[in-house]
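Undergrad: As given, the protein sequences belong to chains G and E, one line each in that order. Quick note: the first sequence uses the numbering used here, first residue 1, plus one each step. Quick note: the second sequence uses the numbering used here, first residue 289, plus one each step.
Don't take every hint at face value.
Derived CB-CB ranges, DEER-like [said to hold, decoys possible]: (1) G:Glu190 with E:Gly301: 30 to 36 Å; (2) G:Lys56 with E:Asp406: 47 to 53 Å; (3) G:Lys143 with E:Glu305: 52 to 58 Å; (4) G:Glu14 with E:Glu305: 40 to 46 Å; (5) E:His294 with G:Lys260: 43 to 49 Å; (6) G:Glu66 with E:Glu303: 43 to 49 Å; (7) G:Asn17 with E:Cys427: 29 to 35 Å; (8) E:Gln361 with G:Lys143: 25 to 31 Å; (9) G:Glu60 with E:Asp406: 21 to 27 Å; (10) E:Glu415 with G:Pro147: 17 to 23 Å; (11) E:Val330 with G:Asp207: 52 to 58 Å.
Distance condition first, Cα-Cα at most 16 Å in a straight line; then the derived EDC-like pairs of lysine to aspartate or glutamate [said to hold, decoys possible]: (12) E:Lys291 with E:Asp312; (13) E:Lys407 with G:Glu81; (14) G:Lys53 with E:Glu302; (15) G:Lys276 with G:Asp259; (16) E:Lys291 with G:Glu47; (17) G:Lys10 with G:Glu60; (18) E:Lys292 with G:Asp88; (19) E:Lys407 with G:Glu60; (20) G:Lys10 with E:Glu359; (21) E:Lys292 with G:Glu251; (22) E:Lys291 with G:Glu82.
One-sided and incomplete, this derived list gives chain G residues near chain E with beta-carbon spacing under 7 Å [to be verified]: (23) Gln5; (24) Gly32; (25) Glu82; (26) Ser119; (27) Gly235; (28) Thr236.
Read the hints as simulated data drawn from the structure, not as lab findings. Where a beta carbon is used, it is the ideal one built from N, C-alpha and C, also for glycine.
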Amino acid sequence: MTETQYLSPKTIDEAVNLYSKNQGQSKILAGGTDLLVQIRSGVLSPETIIDIKNIKEISEIKNNGEGSFTIGAAVSGASLEENEEFKDYWPGVLEALRLIGSEQIQGRASLGGNLCNASPAGDSVPALIASGATANVQGPNGKRNLPVEEIHAGPGKTNLKNDEILINFDFPTKEQGSADAYLRMIPRTEMDIAVVGCAVNITMDEDTCINARVALGAVAPTAVLVNEAAKLLIGTKLDNDVIEKAAKCCEDACNPINDKRGTIFYRKRVSGVLFKRALKIAVERAKR
Amino acid sequence: MSKKIHVTTSINGEETEYLCEPYDTMLDVLRNQLNLTGSKEVCSSGDCGACSVTLNDRLVCSCLMLAAEAEGQEIRTIEGMTENGNFHVLQQKFLEHAALQCGICTPGMLVAAKALLDKNPSPTETEIRFWLAGNLCRCTGYDKIVRAVQAASEEIKESA
Ligand SMILES: Cc1cc2nc3c(=O)[nH]c(=O)nc-3n(C[C@H](O)[C@H](O)[C@H](O)COP(=O)(O)OP(=O)(O)OC[C@H]3O[C@@H](n4cnc5c(N)ncnc54)[C@H](O)[C@@H]3O)c2cc1C
């Protein structure tokens, strides 16, 4: 048997090199709140663990102005929360990330880990998708930049290649009059897995919606961007019948499972309801 | 099989060195090598908070942290909570309010509550309850714990 090892590279190039050298046998470690649970329960036993937290680009928060941020893949929820500017510009993304686990989990859990773990119920993923953020990915063959909605391939699976590492997320400049919001439905009030999650990012010009992105989590094998719902909203004054039609689109975009947390019928219904509530919050924030 | 990793870190303000395996958690090393058994192992999956420590002043579960990650960092455990041999005000208030029974969750509760008060010296009851949501207690029903934290917060404010 080969030796197990823990490596903590200081640069992206070094990490990419180590990761591609140990392809298939190695795992990237960000906050470890998924990975170490999987290792300790015996689900995974990677030979090499590559800790990416000592790499500057992967651990830093950069404010590029006007709502545009570059957020390292391994930045923890607790540390992003302390960034007042990010909180002002992207309250929906932050509230989604902050729903993950307890304060102890927040000390470590990252956007990159939540996305790469690829649980259909990952809370921050719909919010990232609705924000229009893109992911910078790097492998031995160079860099790629992908919209977040193109990363999930199915439960536990991403479209990253075996040798690619997620470096950071680019958030777009914020349009005037825009805001985002995320809501999830869980059977308890804290520390549970989403039955449905819904994120809305909306731009208002006075009472008219001029741009929108809607995303759902936990209702399909991957988080979904519901373009049809957004299209219905854009150009309207968000009258009730428009909202009802868009909510129906959300229900139709669901392809959920039946499980102990919720039946198919229930998850569909709740996605419409959560959409309406998240929309309301986003619109209120946009008008402030 | 694996080569042991040599780690130099700070634990409760003291420079500490140890050798660990890649898969050893911080909790394993604290308890089994460094004899710091105040941090408890209960769920091993980040749900219960009994193993809470701070890593560079950030509250984390030591069961979900590799011992190797501590290199060059600062760890604080329940063993570092007393000040010059005197109880920290939180420890005192836990006793006065009978905020413990079996005691297994207590070190984690105290470490978590201290992390809260260090960040926010006057939390509301709701803030306390949310902050401690990652610390499970099967004895007290939480109320006495919350009261103890509130009392500690009052005392800290008065003496400030
Ligand atoms: C008690 C508890 C409660 C939780 N509650 C929630 C919850 O409410 N909602 C929720 O969504 N999740 C929850 N989680 C799951 C977990 O905390 C989140 O998914 C978290 O965001 C994972 O981030 P991490 O940095 O810890 O990832 P890690 O565990 O470090 O990594 C997760 C996976 O992604 C891979 N990976 C990480 N970073 C990269 C990268 N940069 N490039 C390539 N691959 C990478 C890792 O190899 C691993 O496979 C909970 C976990 C626990 C233990």
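Undergrad: Does Lys291 of chain E pair with Asp312 of chain E here, judged by a C-alpha cut-off of 16 Å?
TA: 12 Å, holds
Undergrad: Between Glu415 of chain E and Pro147 of chain G, does the C-beta distance stay in 17 to 23 Å?
TA: 36 Å, violated
Undergrad: Regarding Glu66 of chain G and Glu303 of chain E, is the given constraint of 43 to 49 Å on their beta-carbon distance met?
TA: 45 Å, holds
Undergrad: Can the restraint linking Lys276 of chain G and Asp259 of chain G be considered satisfied, given a maximum Cα separation of 16 Å?
TA: 24 Å, violated
Undergrad: With a cut-off of 16 Å on the C-alpha distance, tell me whether Lys292 of chain E and Asp88 of chain G pass.
TA: Violated, at about 45 Å.
Undergrad: If you take the shortest Cβ to Cβ gap from Gln5 of chain G to chain E, is it below 7 Å?
TA: 6 Å, holds
Undergrad: May I ask you to test the hint 52 to 58 Å on the CB atoms belonging to Lys143 of chain G and Glu305 of chain E?
TA: Roughly 39 Å apart at Cβ, these two residues miss the hinted range, so it is violated.
Undergrad: When you check the alpha-carbon spacing of Lys10 of chain G and Glu60 of chain G, does it fall within 16 Å?
TA: 13 Å, holds
Undergrad: Indicate whether the distance between the beta carbons of Glu14 of chain G and Glu305 of chain E respects the range 40 to 46 Å.
TA: 25 Å, violated
Undergrad: Is the hinted range of 21 to 27 Å satisfied by the C-beta distance from Glu60 of chain G to Asp406 of chain E?
TA: This hint holds: roughly 24 Å between Cβ atoms.
Undergrad: The hint says 29 to 35 Å between Asn17 of chain G and Cys427 of chain E; measuring C-beta to C-beta, is that right?
TA: 51 Å, violated
Undergrad: Would the hint on Gly235 of chain G stand, with a C-beta cut-off of 7 Å toward chain E?
TA: 40 Å, violated
The structure does not agree with the numbered hints 2, 3, 4, 7, 10, 14, 15, 18, 19, 21, 22, 25, 26, 27, 28 stated previously, though it agrees with the rest.
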